[in-house]
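Number of protein chains: 4
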Amino acid sequence: MNSYGTLFKISTFGESHGPAIGVIIDGCPAGLEINEAFIQSELDRRKPGQSKITTQRKEEDTFQILSGVFEGKTTGTPVAIVIQNQDQRSKDYTHIQNTFRPSHADYTYEVKYGTRDYRGGGRSSARETAARVAAGAIAKLLLKKTGIEVHAYVSQVGTLKAPPYQHLDLSKTEDTIVRCPDAATAEKMIALIDQVRLERDTVGGVVTGVIKNTPVGLGEPVFDKLHAELGKAMLSINAVKGFEYGSGFEGVALRGSQHNDEFYKDGDRIRTKTNHSGGVQGGISNGEDIYFQVAFKPVATIMQDQTTVDKEGNEAIVSGKGRHDPCVVPRAVPIVEAMAALVMADFLLRSKTSRIS
Amino acid sequence: MNSYGTLFKISTFGESHGPAIGVIIDGCPAGLEINEAFIQSELDRRKPGQSKITTQRKEEDTFQILSGVFEGKTTGTPVAIVIQNQDQRSKDYTHIQNTFRPSHADYTYEVKYGTRDYRGGGRSSARETAARVAAGAIAKLLLKKTGIEVHAYVSQVGTLKAPPYQHLDLSKTEDTIVRCPDAATAEKMIALIDQVRLERDTVGGVVTGVIKNTPVGLGEPVFDKLHAELGKAMLSINAVKGFEYGSGFEGVALRGSQHNDEFYKDGDRIRTKTNHSGGVQGGISNGEDIYFQVAFKPVATIMQDQTTVDKEGNEAIVSGKGRHDPCVVPRAVPIVEAMAALVMADFLLRSKTSRIS
Amino acid sequence: MNSYGTLFKISTFGESHGPAIGVIIDGCPAGLEINEAFIQSELDRRKPGQSKITTQRKEEDTFQILSGVFEGKTTGTPVAIVIQNQDQRSKDYTHIQNTFRPSHADYTYEVKYGTRDYRGGGRSSARETAARVAAGAIAKLLLKKTGIEVHAYVSQVGTLKAPPYQHLDLSKTEDTIVRCPDAATAEKMIALIDQVRLERDTVGGVVTGVIKNTPVGLGEPVFDKLHAELGKAMLSINAVKGFEYGSGFEGVALRGSQHNDEFYKDGDRIRTKTNHSGGVQGGISNGEDIYFQVAFKPVATIMQDQTTVDKEGNEAIVSGKGRHDPCVVPRAVPIVEAMAALVMADFLLRSKTSRIS
Amino acid sequence: MNSYGTLFKISTFGESHGPAIGVIIDGCPAGLEINEAFIQSELDRRKPGQSKITTQRKEEDTFQILSGVFEGKTTGTPVAIVIQNQDQRSKDYTHIQNTFRPSHADYTYEVKYGTRDYRGGGRSSARETAARVAAGAIAKLLLKKTGIEVHAYVSQVGTLKAPPYQHLDLSKTEDTIVRCPDAATAEKMIALIDQVRLERDTVGGVVTGVIKNTPVGLGEPVFDKLHAELGKAMLSINAVKGFEYGSGFEGVALRGSQHNDEFYKDGDRIRTKTNHSGGVQGGISNGEDIYFQVAFKPVATIMQDQTTVDKEGNEAIVSGKGRHDPCVVPRAVPIVEAMAALVMADFLLRSKTSRIS
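Residue numbers (this note's numbering), protein chains in the order written: chain A, 1 to 357; chain B, 1001 to 1357; chain C, 2001 to 2357; chain D, 3001 to 3357.
Simulated from the structure, these hints should not be mistaken for lab results. Hints are not guaranteed to be accurate.
As a list, the in silico BS3-like pairs of lysine-lysine whose alpha-carbon atoms are at most 25 Å apart [stated by the list, open to error]: (1) C:Lys-2212 x A:Lys-311; (2) C:Lys-2352 x B:Lys-1073; (3) C:Lys-2273 x D:Lys-3311.
Covered stretches of chain D (chain C as the covering partner; in silico rule of three or more C-beta atoms under 8 Å from a C-beta of chain C) [what the hints assert, rightly or not]: (4) 3001–3010; (5) 3115–3129; (6) 3195–3209; (7) 3214–3221; (8) 3260–3274; (9) 3281–3294; (10) 3302–3308.
Note that this is a predicted model, so its numbers are computed, not measured. Where a beta carbon is used, it is the ideal one built from N, C-alpha and C, also for glycine.
Okay, chain A solo, but in the shape it has when bound:
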C-alpha cells in the first residue's frame, strides 16, 4: 500500500508524468500552525535543477493545500496537498516503452501489474518523494513543539567520507551544494560528482541522519522498534541499499565490554557515557542523539549505452536521455529528513497512550 504511519499517517499518490502528485496526511492533531513558506523551502531543497551537481531539469514544485487547514491551523481533518506536474508533454518515450532499463523498476512493474506508466518511470520515479517532503515539513512543525530536531547531511560520496557527525557543525549543511557540513570534504565531493558527470556516469553516497532532543520513551518494543521503523522508512526511499544506526556494521567487531553504554547521572537526567546504542535501547529512545546512516546506490540512469532486453525478450540497447542526477545524495538529504520526521511524529503520537495518565 501507499501509506506510511500509524497515527500520523501519510498516503501518497501520483506518477512522474501524470497531472499531479500529492499526499494526504491523516491524524495530524488539530491546532498546529502551518507555515506554508517553510513547506515550500523544504520542497525547494529537493527540487531538480537547484545546483550544477544535480539534474539540470527545471521543475518548480509548488504545492496547494486542499483541505485540513483553516485560518492557518490544522483542524484535525486530513491535510491534502497536491503538487502539479509541469512536464506532462508526451515526449518520445518509445525507447523505454518496450524496453527494460537496467536496475530500474521497468521489468518488475511490468510483470507484477501486467502494465505500467512508462513515462519518466511513472510511479517508480523519485518524483514521488516530493510528496513525502511536503508531509515531512508538517511533521517537522509538529516535532518542533516538543523540541525534537531532525538533521541530515551527506557523509559520503563514492569513497570520500566526512568525519563523524560528532565532529561536525550541522548548521553548515546548507552552506555547500553537496550538503556536507565539512567544507574540505564538500569541496572534494563536488569535484568528484562533477567529474563523474563528465564521464556520463553516476556515483553513490551515504546520508547521515541525526535526531536531537528526543524525549525518553518514543518507539514501540518488539516489531515497531524505533530504529526498525526508521530503517523501513529509509529503505523505502528510492535507491537506498542499506541502513545502520548507532555503532552499525562496525559495531559487530567490538566486544560487549567496549560497546556497552554505561549510565550516569547528569544533573537531573540519566544519560549514557558513550552512545553506541544510537539513542535507542530495546527499540525505545533513551534521550541521547539518534544517529543513522543510509546508503544510496549510484543512480541507475547513465548517459551510456547498456545492453538489455525488450518485452519480447529481444536484445536491445538503452541509454539515458535528458538530464539526470550524477549523484542522488545532495537532493536525498531533505528526503531523509522528511522520512525521519514522519517516523518521529508518528511515535510521538503513539506514545500518548503508553500509560494510564
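Given chain A's structure and the hints, the job is docking chains B, C and D onto it.
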C-alpha cells in the same frame, strides 16, 4: 504494537519469566499441511543450551497448537501457538529490579511505561523470538508450496568473515555449531567465541540471508518495498544494528556503469547478468537471489562489573549473572530465517490481488 | 481515520467549502478499464439540484483523475480523484461560526478539536460523500467483472413504505425522482416531501440495498463479518441511525423453526428455500441475495427558528439559511450503493487468500 | 481478520472443541490494576448452564493470564488470556460432519475454506465470545478510570418489550435470570422462553445498551464514527441481525422539527433537551447517554427435524442434539457490554491525539 504482517499476520505475546509466550498467526490460508516435527526442529535450532558456544541455560521449548489446525491442516482461522516457560521460579532479581543494566531496555521501559517486568528482561528478552520462529516455520511451509527457499548463515563473527554467499554451499550451514557453511572460517569463529567467553566478554557478528526461487513480482512499491519490509523485520530482532541488501554499503563506492545489472534472456526467463540489485528492483522481486546482511551487536550482558545508576539515580555496579550467550549470531540464524519467511509469505499473499485475474 | 477498507482501500479528504474534496483508492488491481462517463453519471445521481425534491443548490460535481490510470486502465498504483468545490465564496457564516446548530456536528467538533471549519459544516458536511460515490463507481466496475450487482432504492419516507424488494422491479428505481421503484408509492412519497418542504421542515426515510450474484464465500468470520462491515459502512453515512439485514429487527419475533433457511439442491447449486439470513451466514455470503435496510433521520437543517447556545453558552436562535434537502433519501441512494460496492470489492479481494490455491 | 480495535486492540483465537480459546489485548496502557475476580464474574455472566432458561451444558470458563500483567498491573505489553476448553471429547459429530445445518455457518465455511472444524461449530461457535468478554472486562476497568459506565439489558423477547431505558433502573438487570430490569416484563419473558424451550424451538430478542458519562469528543468523524464502530462491533456478535442507536428506525417517521435536539446550558455543561441523537453527533460523543438496540435472531439450533443437504448435495435431515439455548439474549447481555466497552476504550485512547496538547 506487537503484530507484524498485513495478510499473513503474527501477533506475539509473553514475557521471559511469565507463564508462557506465544503467537497468533492470522491469515494463513486454509488447507496448509502442518508438520509439527518441523516446527519443533526450528525451535530447537534457536533454543538455549544447544552447543558449547551458546548459553548453557537449558530450556526445552516445546509448543502446543491451540487452534486453527484440524486433522493436520490449517482451517483458515487463527493459529495460536503457546510455549510454556519452564523457568518461572522467582530467582533473585534484586540486582536488576532497581538498577538499569547498560545497553539493555531496562531504563527505556521504565520511563516509557512507569513499570516493567524486570525478571529476565521481561518482554524485552530475546525469548520472545521463539514465538517468531514457530510462526516462521509455518510461513516456510507455505513458501515451500511455491518453491521459495529461505536460507541464513553466520557470515561474520568479530572481524572474521566468510567468503561471499555465492561461493558457499548453504546446505552445510548446520554442519557446524556456529552455523557458518565455510568449514575453515567456522573453526576460527568457534575458537574466537570460546575465547571471548573465557574472557567473560561478548562479541558481535553478521548473519547473511539468501532467499531463492522467488517469483517475479513480490513486494509493494513505495513504502512497503520488499527490501524495506525485510529491513524492518530484521531490525526488529533484538541486538540488530544494521541491514543492507544486494551491494549494500559497499555499493556506494561504485559507478552506475559498474553497478547496473544488465538484462539478458536465459531460455524462457529474463535474468540479470550481475545481481547488485540483490533480487529487488523498485521494491519488487525480479526473480534473482535476494540476499542481505544483518549486523548484530555484541550481547549486552557480560560477566564483568559495569557502572550504572539505579532508579533513584545513585551510582551502582551490575554484572551479568547466570548463563548467557557470548555471541548471539549462531542462535540468530533461525530467527533471521523466520522473519524473512514471514515477510515473504506476507508478500506472496499480497501479490494475489495485484491485477485483475 | 479517514480511510475505509483493507485491500480495496479509500481515503477521503476535503471540507465543504475548501478548494476541493477528493479520494485516493489504494489497492485497486491493475488492468481495470475505467469508464469516466460512468463515474460522472454516478456523481450526477448524488449531486444537489437534480430535482424539485432535493436542495435547489446547484453544484456540478466534475472530477479529475490525477493518478493511477494510464491509457484508460488502472495501473495498480493509487487512483486519486479530486472534485473542485465551486462554492468557496466566503458567504456570511456568522450565524453558525459561534453557534451550535441543533443535531449537527458543530458542538462535538468544537470540543474535540478546539477548532472547526464552520463554513457549510466543513468536514462534517455530506459533501464528503461525493468522494465516496466516485470511489464506489470504480468499485462497481470491479464487481461487474464477477457479475456482482449492487442496487439500492428508497423504501420508506416518513411512514410511507414500499412493498418488500422481492415484489419490485429494481430496474425502475431511476424512473422517479424519489428513487422508489414502486410507482404508486413513489408518487405519494414525492407529495409528502413536497409538503414537508413547504412546511419548512424535513422528514426521514429508509434506503434498502440489494446485492445480487455474490459468489459464496465473501466475508470474514468473527469481527469482519460481511454484514458487520456493511453495517459500519452504512452507519458511517451522514444522518444514518440504523442498519438491519435479512429478517432484521422483525426477525426477533419469529421462532427458530420459522426463521431457519433450509438448504436444497437447485441444479448445480446449493440454495436456501427462504432467505431470512439475508444472504449471509456466519458472516460469509451464501450466494443468495444480500439485502439490508438503512434508516436516515430527518435532515437537521430546517427553515425554522430553533433555540440553542453559542460558544460562550449564551442562549441563541438559529434557522436554516439557503437551500437544503427536505428529505435526504433520494440522494442517499447512490451513496448507499457506493458504500456497498466498496465493501464488496474489499471482500472480493480479501477472498483471494482464503485457501491454498 | 480476527482482530478488533485500533489502539486498544484485541485478537481472538480458538475453536469450540479445540484445546483452548483466548485473546490477546494489545495497546492496553501500562499501570492499569487488573481485578481478576471481576474478569471471572463477567465470564460467569456469559457461561452456559447459569439458569434454567439457558443451555444446561455446564462449562466453567476459568481463565489464565499468560502475559502483560505484573504485580497486579498491566505493563504495556500484550495481555494474553486463555480459557481452556473442557469439553474436547470427540463426541459423535457424524450428523454435522457432512451435512449443512440450516442457518448455521457450516455451508459457507466449507465453501470459503474448503474445510472446517465441524465439532460444535468450530470457530463459528458463540464460544468465541467468551474471549471477548474477558477482554471487555479489562476495557471496563480502563473506562472506570474516566467514569464511563457500560450497561446492557434484555429489552425484548419475541414480541414482549420492556419500557424505554429512561424508565428503568439499570441496577436491577442482574435481579432476574433473563436480565430485564423491569420485573413484570422479565417474568413474562422467562415464561415465554420456558414455553419455547418445551416446544423444542427458539425465539429471538433485543438487547439494549446504554453508555453513561462519556466525555464529549470520543469518536472519529467520517468512517470511524462512534456509532458506526458500535454498530460493527454489535453486528459482529453471533446471531445479530440489526443495530440502531438513538431514535433509530422509528426516527425516520419524525419531522426534523421534532427530531432535532436543542442545546441548552446546564450549569457548566452544554446539554441537549432531548436525546434523539443517542449521545452522538457527527460521529462524536456529545456527553449525553449513548443508547442503542441490538436485534438477535432466534437461535438456529432447534430440537426438531429440518431438511437440508449434505456435502454431495443429497437431501438430508438434521436435528439439534444436546443442550442449547432456547433464547440467546440473556447470555448476550455481557457480550454486548464487552463489545461496547472495547469500542469505547479504543476511542478513549484514540482521542488522546486529537489536538496539540
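Do the hints match the structure? See the list:
1. C:Lys-2212 x A:Lys-311: 41 Å, violated
2. C:Lys-2352 x B:Lys-1073: 19 Å, holds
3. C:Lys-2273 x D:Lys-3311: Holds, at about 17 Å.
4. 3001–3010: holds (count 5)
5. 3115–3129: That given contact holds, which follows from 3 residues of the stretch 3115–3129 of chain D lying within Cβ reach (below 8 Å) of chain C.
6. 3195–3209: holds (count 8)
7. 3214–3221: Holds: 5 residues of the stretch 3214–3221 of chain D have a Cβ under 8 Å from chain C.
8. 3260–3274: holds (count 8)
9. 3281–3294: Contact hint for the stretch 3281–3294 of chain D vs chain C: holds, 7 residues under 8 Å.
10. 3302–3308: holds (count 5)
Figure legend: structure checked against the earlier numbered hints; the only hint not met is number 1.
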